[in-house]
Amino acid sequence: MLEIKNLKTSVNNKTILNGVNLKIKAGEVHAIMGPNGSGKSTLANVLSGKNGYEISGDIIFNGKKINETPIDERAQNGIFLAFQYPLEIPGVNTNNFLKTSLNAVRKAKGEKEIDTLNFLKLVKEKSKELGIDEKFLSRQLNVGFSGGEKKKNEILQMKLLEPKISILDETDSGLDIDALRIVADGVNSSKTKENAFLIITHYQRLLDYIKPDFIHVLSDGKIVKTGKSDLGIELEKSGYTNL
Amino acid sequence: MKTQKDIDTNQEYKYGFTTDIESIRAPKGLNEDTIKFISNIKKEPKWMTDWRLKAFSRLKKLTEPNWQKPKYPKINYQDLYYYSAPKSASEKPKSLDEIDPKILETYKKLGIPLQEQKRLSGVAVDAVFDSVSVATTFKGELDKKGIIFCPISEAIIKHPELVKKYLGSVIPLTDHYFATLNSAVFTDGSFVYIPPNVKCPMELSTYFRINASETGQFERTLIIADKGSYVSYLEGCTAPMRDENQLHAANVELIALDDAEIKYSTVQNWYPGDKEGVGGIYNFVTKRGICKGKNSKISWTQVETGSAITWKYPSCILQGDNSVGEFYSIAITNNHQKADTGTKMIHLGKNTKSKIISKGISAGSADNTYRGLVDINQKAINSRNYTQCDSLLMGNKCGAHTVPYIKNKNASSTIEHEATTTKINEEQLFYCNQRGLNQEEAVSLIVNGFCKEVLQQLPMEFAVEAQKLVSISLEGSVG
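The listed protein sequences derive, respectively, from chains B and F.
Using this note's numbering, you'd call the opening residue of the first sequence number 1 and step up by one each time.
Using this note's numbering, you'd call the opening residue of the second sequence number 1 and step up by one each time.
What the hints contain is simulated information worked out from the structure, not anything from laboratory work.
Treat the hints loosely; a few may be bogus.
Claimed, not checked - No more than 27 angstroms apart at the CA atoms, straight line, and that leaves these computed lysine-lysine pairs for DSSO-like:
| id | chain 1 | residue 1 | chain 2 | residue 2 |
| --- | --- | --- | --- | --- |
| 1 | B | Lys-150 | F | Lys-423 |
| 2 | B | Lys-135 | F | Lys-452 |
| 3 | B | Lys-225 | B | Lys-211 |
| 4 | B | Lys-112 | F | Lys-468 |
| 5 | F | Lys-397 | B | Lys-50 |
| 6 | B | Lys-228 | B | Lys-25 |
| 7 | B | Lys-50 | F | Lys-108 |
| 8 | B | Lys-193 | B | Lys-126 |
| 9 | B | Lys-112 | F | Lys-108 |
| 10 | B | Lys-228 | B | Lys-193 |
| 11 | B | Lys-99 | F | Lys-108 |
| 12 | B | Lys-121 | F | Lys-452 |
| 13 | B | Lys-107 | F | Lys-468 |
| 14 | F | Lys-165 | F | Lys-36 |
| 15 | B | Lys-225 | B | Lys-8 |
| 16 | F | Lys-275 | F | Lys-397 |
Please take these sequences and the hints and turn them into a complete structure.
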């Protein structure tokens with residue numbers, strides 16, 4: 001589904017990713033761990049097409065090289081990024097944002113736009129699964145939301161848009177144990193044979209709930225180690241310094 | 001009560017001159033003869049002619065103000081026509097095929113019905129079209145309540161006592177150059193009178209007044225809300241008006257008596273000039289309301305997206321005790337557009353309150369200034385003002401300025417002023433893009449969010465179109 005070949009990126013001539021290779025197949029869950037500053041968030045940004053990075057190498061999504069594909073087109077084709085710091089957009093109603101987003105994606109897929117009534121039904125059902133109070137949906141997007149609420153809102157968007165690959169950028173950071181479980185349940189219940197997940201995290205605790213098929217350790221812009229789910233537990237004990 | 005026949009007669013009157021267009025155009029130039037010509041063609045009584053002439057004699061002693069930020073080339077007032085009858089059907093475009101496709105595209109985006117598109121773009125339409133019957137039904141309902149809603153030229157003849165009493169009572173003949181010019185040469189506009197304790201059952205709009213189109217550069221509007229009455233008035237239309245006039249110097253006067261409320265909403269989308277800043281309307285309008293009675297309220301809402309230069313300050317004089325003035329504004333400037341706009345809140349009565357919410361958006365090489373005066377007089381004890389001015393910049397060639405003038409002459413009053421200037425946030429755009437929205441959808445969403453407090457003041461049917469208009473005006477502003 002997603003293949004990254006010798007991906008190098010730099011910002012203002014400073015190298016951040018220095019030859020990342022990664023292959024994610026449909027139905028798989030991959031986790032990326034690594035120390036601060038190793039390039040984890042940069043990888044997430046570059047995969048979603050954020051401007052401001054010089055890149056070389058290949059990003060291949062569904063058999064097509066997407067290095068030059070704009071952000072919105074990648075999103076419409078099924079790349080979803082759950083933000084580490086979801087943005088506040090004052091004056092924009094959350095429901096309205098979700099509906100606009102869903103319709104943009106549906107339109108790109110050649111599907112009919114969803115009407116308000118059916119949208120509200122859908123969003124009600126999905127938010128209930130995540131224990132999101134409906135009142136949140138009529139508030140301004142992420143404005144005054146707590147850290148946990150913002151992250152749950154990201155997962156809600158993921159569930160609505162049904163992307164092919166979901167990249168979760170430190171979605172677990174700043175979450176209490178209940179919120180963490182809800183986020184993990186959200187991911188687990190979205191898993192199918194057709195989609196995939198790339199979970200970026202510092203901590204093993206999220207991986208207690210979401211069992212990854214592979215764990216990669218990113219250090220100095222390179223994947224230095226790849227293992228099965230027990231690698232996380234090992235890292236938790238010994239840290240990154242011994243790698 | 002006005003009948004269909006009256007309307008027909010009126011129509012004939014209006015188009016009666018059309019066989020020889022030259023004969024109904026006033027000669028070029030600003031002089032007493034021109035003014036007498038206008039007054040005469042409108043069959044005005046002598047007092048009205050005298051009033052105009054008085055304004056003209058005053059005008060000769062005035063000079064154009066020049067303190068505004070956007071400068072413009074000198075206007076030769078002797079080289080303008082001050083009266084020209086509406087175009088005849090033969091002169092008008094025959095069909096929409098003759099209209100600028102860009103304008104048609106905008107209509108399409110706004111979802112304006114075909115018949116309405118024709119009216120707006122000045123296409124000759126058959127004598128019998130929908131709005132005539134709409135206007136008649138509408139008129140009947142208003143007549144029942146004693147509400148007067150007619151062209152001001154008609155009010156001068158049919159309701160002279162009201163016009164004499166209130167015309168020029170808020171914007172005096174001697175006010176300033178453009179206002180005085182308007183008093184001398186105004187051609188037409190709207191007149192509204194709401195009798196005591198009547199709530200006007202519908203939004204009054206020039207939309208329903210078929211005579212309102214092509215009133216020309218010098219429009220004059222007078223709205224009187226008698227004791228305990230309420231009216232909401234919508235000016236203009238969200239669709240771009242086909243308008244060839246360069247200078248617009250309209251006057252709007254509002255009078256609210258005891259316990260009355262006037263809500264006045266404008267969506268202005270006149271020709272802004274092209275991308276290089278050539279052409280476009282100078283929108284130099286004087287709008288002022290007086291809360292004359294106690295507990296009265298005047299609320300201005302404006303969405304300004306058009307014109308090459310917008311220079312106006314819809315104001316409230318809060319004379320009655322406990323009266324309330326509000327100003328909600330969105331001013332969008334793109335390409336080479338310029339705006340110097342804001343409000344004046346003059347507190348005279350006790351316990352008077354005013355609220356100012358201004359949202360300025362600049363894109364391209366545009367320049368946007370908020371200029372506002374809050375003046376709380378000595379006797380206006382326990383008065384309050386709250387002002388919030390937010391500016392949003394898009395790109396790095398545009399400008400935003402905030403110039404508040406604050407005068408407080410008593411110690412019991414409170415004034416709050418908040419101002420912010422922000423650039424459209426790259427991270428917010430990234431977030432929206434990542435959710436599948438393209439650049440224009442993302443900008444539109446963020447800007448509409450920024451303007452929300454003002455947009456929600458607009459009447460429902462207007463708000464939807466205004467939102468679309470906000471997006472359209474900013475199209476192509478983010479690379």
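These are the hints, each one checked on the structure:
About 23 angstroms separates the Cα atoms of Lys-150 of chain B and Lys-423 of chain F, which keeps this hinted pair within 27 angstroms; it holds. Restraint check: the Cα-Cα separation between Lys-135 of chain B and Lys-452 of chain F comes to about 19 angstroms, which is no more than 27 angstroms; the hinted pair holds. Taking the CA atoms of Lys-225 of chain B and Lys-211 of chain B, the gap is near 18 angstroms; set against the 27 angstroms cutoff, the hint holds. Simply put, Lys-112 of chain B and Lys-468 of chain F have alpha-carbon atoms about 21 angstroms apart, close enough for the 27 angstroms limit, and the pair holds.
As the CA atoms of Lys-397 of chain F and Lys-50 of chain B are separated by approximately 24 angstroms, the hinted pair is consistent with the 27 angstroms bound. Between Lys-228 of chain B and Lys-25 of chain B, the direct Cα distance comes to roughly 15 angstroms. Compliance with the 27 angstroms bound is thereby established for this hinted pair. With a CA separation close to 33 angstroms, the supplied pair Lys-50 of chain B and Lys-108 of chain F exceeds the 27 angstroms bound. Straight-line distance between C-alpha atoms of Lys-193 of chain B and Lys-126 of chain B comes to about 20 angstroms, which keeps the hinted pair within the 27 angstroms bound.
Between Lys-112 of chain B and Lys-108 of chain F the CA atoms are separated by roughly 20 angstroms; this keeps the pair inside 27 angstroms, and the hint holds. Between Lys-228 of chain B and Lys-193 of chain B the alpha-carbon distance is near 19 angstroms, which keeps this suggested pair within the 27 angstroms criterion. A C-alpha spacing of about 23 angstroms is found between Lys-99 of chain B and Lys-108 of chain F, which places the hinted pair at or below 27 angstroms, so the restraint holds. Distance restraint check for Lys-121 of chain B and Lys-452 of chain F: the Cα-Cα separation of roughly 26 angstroms lies within the 27 angstroms cut-off, and the hinted pair is therefore satisfied.
Of the pairs offered as hints, the one joining Lys-107 of chain B and Lys-468 of chain F holds, with about 19 angstroms between alpha carbons and a cut-off of 27 angstroms not exceeded. Restraint check for Lys-165 of chain F and Lys-36 of chain F: the C-alpha separation of about 22 angstroms stays at or below 27 angstroms, so the hint holds. The hinted pair formed by Lys-225 of chain B and Lys-8 of chain B meets the criterion: a straight-line CA distance of about 18 angstroms does not exceed 27 angstroms. A C-alpha spacing of about 14 angstroms is found between Lys-275 of chain F and Lys-397 of chain F, which places the hinted pair at or below 27 angstroms, so the restraint holds.
Hint compliance for this structure: hint 7 is the single one not met.
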